[in-house]
Each structure stands twice: as C-alpha cells, then as structure tokens.
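Asker: Based on these hints, arrange chain B on the given structure of chain A.
Chains A and B, in that order, give the protein sequences.
First residue of the first sequence: 763, per our numbering; consecutive thereafter.
First residue of the second sequence: 10, per our numbering; consecutive thereafter.
Just so you know, not all the hints are guaranteed correct.
Said to hold, decoys possible - Only part of the chain B face toward chain A is listed, based on derived beta-carbon distances under 10 angstroms:
| id | residue |
| --- | --- |
| 1 | 33 |
| 2 | 54 |
| 3 | 70 |
| 4 | 108 |
As the list claims (entries may be wrong) - Simulated DEER-style distance windows between Cβ atoms:
| id | chain 1 | residue 1 | chain 2 | residue 2 | range |
| --- | --- | --- | --- | --- | --- |
| 5 | B | 69 | A | 776 | 44 to 52 angstroms |
| 6 | B | 66 | A | 859 | 19 to 27 angstroms |
| 7 | A | 829 | B | 62 | 22 to 30 angstroms |
| 8 | B | 17 | A | 871 | 16 to 24 angstroms |
| 9 | A | 822 | B | 14 | 17 to 25 angstroms |
Everything labelled a hint here was simulated from the structure, so no lab data went into it.
These figures come from a predicted structure and were not determined experimentally.
Where a beta carbon is used, it is the ideal one built from N, C-alpha and C, also for glycine.
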Amino acid sequence: EADIYQTPRYLVIGTGKKITLECSQTMGHDKMYWYQQDPGMELHLIHYSYGVNSTEKGDLSSESTVSRIRTEHFPLTLESARPSHTSQYLCASSEQTTNEKLFFGSGTQLSVL
Amino acid sequence: QKEVEQNSGPLSVPEGAIASLNCTYSDRVSQSFFWYRQYSGKSPELIMSIYSNGDKEDGRFTAQLNKASQYVSLLIRDSQPSDSATYLCAIRRDNYGQNFVFGPGTRLSVLP
Numbered sequence: 763e764a765d766i767y768q769t770p771r772y773l774v775i776g777t778g779k780k781i782t783l784e785c786s787q788t789m790g791h792d793k794m795y796w797y798q799q800d801p802g803m804e805l806h807l808i809h810y811s812y813g814v815n816s817t818e819k820g821d822l823s824s825e826s827t828v829s830r831i832r833t834e835h836f837p838l839t840l841e842s843a844r845p846s847h848t849s850q851y852l853c854a855s856s857e858q859t860t861n862e863k864l865f866f867g868s869g870t871q872l873s874v875l
Numbered sequence: 010q011k012e013v014e015q016n017s018g019p020l021s022v023p024e025g026a027i028a029s030l031n032c033t034y035s036d037r038v039s040q041s042f043f044w045y046r047q048y049s050g051k052s053p054e055l056i057m058s059i060y061s062n063g064d065k066e067d068g069r070f071t072a073q074l075n076k077a078s079q080y081v082s083l084l085i086r087d088s089q090p091s092d093s094a095t096y097l098c099a100i101r102r103d104n105y106g107q108n109f110v111f112g113p114g115t116r117l118s119v120l121p
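Extracted from the complex, chain A is given alone in its bound form:
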C-alpha cells in the first residue's frame, strides 16, 4: 500500500545529542517537505525538496539539515538537540501534477530534555 512513513513516532532525548528523523514514501512522489508544529499552533515549513539532490530551506529558520539522496527518502538531522527543538515534526510529499495534493506522515513528537 502506497504511504508515507515516519520513524520514530516519539523520541525523548537529552540536550546535545545528534538525532535523525526518518521519512520515507512509497508513492513515487518527487516533492517532499518537513513541517514543524507546536501544540495548537500553525504548521511551519522548515525544509523541502523537489527531487534527488534538491533541498531548500522553508519559511521557518531551522538548525536542522536534510538530504535527498533517494527519491523515497528524506531524513532530517539535528546535529545538537536543544530543548527549543521540542516539537512535532511532520513529513509530507506530493506529486507534481495539475491537481497536486499534499499527504502527511504520522509525525514524530520530539522532546529534548
């Protein structure tokens, strides 16, 4: 079944640790996105990619980095986690068509102690 997967679903980690949030999609979509969302707050785009070897920063300044080596995989990395990084991280993908739609993964809830 075509879908978009995020792991881990929950992550609790100490300050200063390096972490990678995984996102994979089996829909063959060219475009992938990372959003950050605090509880009850708006979605903020932090990174996006139009395809392999393409990555761009979004609206929200972020200390994270992303890579797109394979079409289906778009991991997000924090080199040194801080309590201010505590948030929900949502991965999404879309196919560039006339009626393009955005689909989300189930999210990673990150808590940095």
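Answerer: Using the frame of chain A, we list chain B on its own:
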C-alpha cells in the same frame, strides 16, 4: 496580512447541526484549495480538494469556492462528536517555490 486566514475558533455546534468553516486567501493566482482535518496530537488528513468555482460534495462534506471573492468554505452536515478537530485550509499557488500555504486552522467542537 497572512496569505491564508481562518477564524481560530473554537466553533461550537450541537450534534446533528451544520458546521460552517470559512477561509480567505490573498493570492489571486492560487489554483487549488484544500481542507485538512487534524485531530489533537495527530497529523493533518486531507478531506476535500476543490479546483473550480462552485460546490463540491463528498458525503457529509461540501466545499465551496468563490475565486472572485477569494474565499473557500467547508460545510459539515449532520455534525458528529467525531468531527471535533482543527480544520486547516490550504492553498496551492503554482508550481514554484513553497507552493502549499496553510491557514492557522479553526478548532471545531461538536457537542453531544
């Protein structure tokens, strides 16, 4: 002015009533319009998309688009407590840049 605006709510309606959610946008070149439902602590789920002026119905949901007035609305008929969630309006501008833009969402509460 934000590009996509919604009343943050909460909007409270009794069970069985019609819930009406509204959204306005500022960019006239916007091509596609979407409604997402987001339960607390979950990710947004696409429930409706609309691309041309008029109404589009899917079950209990009806999306309405008026490009001249730059607004899009979502009607939920026979509202159920399970419809209680935050509803996000989103637009797609064009095939360039960060082409999906989300509104802040309207929190809907359906009272049994």
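Asker: At the C-beta level, are residue 17/B and residue 871/A separated by a distance inside 16 to 24 angstroms?
Answerer: About 22 angstroms separates the Cβ atoms of residue 17/B and residue 871/A, which means 16 to 24 angstroms holds.
Asker: Using the beta carbons of residue 69/B and residue 776/A, state whether their distance is inside 44 to 52 angstroms or not.
Answerer: holds, 46 angstroms
Asker: Measuring from the C-beta of residue 108/B to each C-beta in chain A, is the shortest one below 10 angstroms?
Answerer: Given a least distance of 8 angstroms, the restraint on residue 108/B holds.
Asker: Against chain A, run the beta carbon of residue 70/B and see if the smallest gap drops under 10 angstroms.
Answerer: Given a least distance of 16 angstroms, the restraint on residue 70/B is violated.
Asker: Can you verify the interface hint for residue 33/B: is its Cβ closer than 10 angstroms to any Cβ in chain A?
Answerer: This hint is violated: residue 33/B lies away from chain A, its Cβ roughly 16 angstroms from the closest one there, beyond 10 angstroms.
Asker: State, for the Cβ atoms of residue 829/A and residue 62/B, whether the hinted interval 22 to 30 angstroms holds or is violated.
Answerer: For residue 62/B against residue 829/A, whose Cβ atoms are near 41 angstroms apart, the range 22 to 30 angstroms is violated.
Asker: Looking only at beta-carbon atoms, does the pair residue 822/A, residue 14/B fall within the given range of 17 to 25 angstroms?
Answerer: Taking Cβ atoms as reference, residue 822/A and residue 14/B lie about 19 angstroms apart, which means the hint holds.
Asker: Could you check if residue 54/B really has its C-beta closer than 10 angstroms to a C-beta on chain A?
Answerer: holds, 7 angstroms
Asker: Between the beta carbons of residue 66/B and residue 859/A, is the distance compatible with 19 to 27 angstroms?
Answerer: Given a distance of about 23 angstroms, which is inside 19 to 27 angstroms, the answer is holds.
In this structure, the hints that do not hold are numbers 1, 3, 7, in rising order.
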